[in-house]
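One line per chain: the protein sequences are B and E, in this order.
Counting along the first sequence from 1, when you hit position 112 you're at 112 in my numbering, and nothing is skipped either side.
Counting along the second sequence from 1, when you hit position 76 you're at 76 in my numbering, and nothing is skipped either side.
Do not take every clue at face value.
Just so you have them, the derived chain E footprint on chain B, three or more residues with Cβ under 8 Å [stated by the list, open to error]:
| no. | segment |
| --- | --- |
| 1 | 26-33 |
| 2 | 38-48 |
| 3 | 72-86 |
27 Å max Cα-Cα, derived DSSO-like pairs, lysine-lysine [what the hints assert, rightly or not]:
| no. | chain 1 | residue 1 | chain 2 | residue 2 |
| --- | --- | --- | --- | --- |
| 4 | E | Lys90 | B | Lys50 |
| 5 | E | Lys90 | E | Lys58 |
| 6 | E | Lys90 | B | Lys15 |
If you're looking for bench data, these hints aren't it; they were derived computationally from the structure.
Just so it is clear, CB atoms sit at the ideal spot from N, CA and C, and this is done for glycine as well.
So you can see what is in the structure, the chains are spelled out below.
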Amino acid sequence: MKKKDMTVLVLEDEKPLLVVIKDKFETEGFSVVTARAADQALDYLKEGVKFDAVWLDHYLFGKKDGLDFVTELKHDALWKKVPVFVISNTVSPDKVSEYLKLGVQKCYTKVDYRLDQIIADIKKFLESFKA
Amino acid sequence: MKKILIVDDEKPLARVMSLKLNSAGYSTSAVFSGEEALTVLSKEHFDLIILDLMMTKKDGFYVLSEVKKMGIKTPVVIASNLAQKEDIEKAKKLGVVDYFVKSDVTLVEMVNKVKQYLQ
Chain B
1 MKKKDMTVLV
11 LEDEKPLLVV
21 IKDKFETEGF
31 SVVTARAADQ
41 ALDYLKEGVK
51 FDAVWLDHYL
61 FGKKDGLDFV
71 TELKHDALWK
81 KVPVFVISNT
91 VSPDKVSEYL
101 KLGVQKCYTK
111 VDYRLDQIIA
121 DIKKFLESFK
131 A
Chain E
1 MKKILIVDDE
11 KPLARVMSLK
21 LNSAGYSTSA
31 VFSGEEALTV
41 LSKEHFDLII
51 LDLMMTKKDG
61 FYVLSEVKKM
71 GIKTPVVIAS
81 NLAQKEDIEK
91 AKKLGVVDYF
101 VKSDVTLVEM
111 VNKVKQYLQ
């Protein structure tokens, strides 16, 4: 599998974090598209930008949060199979359970994991998925 | 046919923007770094530049200041995830004709605005 062929959508409202995550994914050979609002990311999907995975923060710019994004994503026949990884600081157990019910791959709390570790997990998942 | 240069290091996005503008009847070139943009601009004329700001190494602000130094008068439109007032003001001081915060406009809206600039 060529990592260069894989694109990750990073949906994160905090600019400094967005820059670091993007840089780390690119260092690992991924293409990255960044968005700070759910509607922005949904617009990209609607317009034909293709993603192999989504890095999703719960809190986002705009009126919609991560749950709204996943709800829309998972109700679309074209996009529902895109794996979503939720990475957030403050997601309650209830929200985690909602995310998992909607079909996200995994929920991470930022304090418990290093970014490198999460990226390594996503990479491993995609490699096994595409193998 | 009017020529547009798209400068964005997010390749999938640059490609989709390019396709949309091609369908709207424009000729486009997409480059994926500030360095590439400056090389292309030193050789070719464009009618409009769509420039991202958050790029690794040579970012959009650097490109803007170099474009100014090179005496290139092509109008520049920013399309960026940077939404802070200071960034918008800084870009406007460097002479950009418009600033799109990517989270606030759809790609279709962006293309429509670009059409207005090229009329």
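Hints, one by one, checked against the model:
Beta-carbon proximity to chain E at under 8 Å applies to 4 residues in the segment 26-33 of chain B; the threshold of 3 is reached and the given coverage holds. Only residues whose C-beta sits within less than 8 Å of a C-beta in chain E count toward coverage, and the segment 38-48 of chain B has 6 of them, enough to reach three; the restraint holds. Under the rule that three or more residues need a Cβ within less than 8 Å of chain E, the assignment of the segment 72-86 of chain B is violated, with 0 such residues. Between E:Lys90 and B:Lys50 the CA atoms are separated by roughly 32 Å; this puts the pair beyond 27 Å, and the hint is violated.
For a cut-off of 27 Å, the pair hint linking E:Lys90 to E:Lys58 stands: about 16 Å separates their Cα positions. A hinted pair counts as satisfied when its Cα atoms are at most 27 Å apart, and E:Lys90 with B:Lys15 qualifies at roughly 17 Å.
In this structure, the earlier hints numbered 3, 4 are contradicted, and the remaining ones agree with it.
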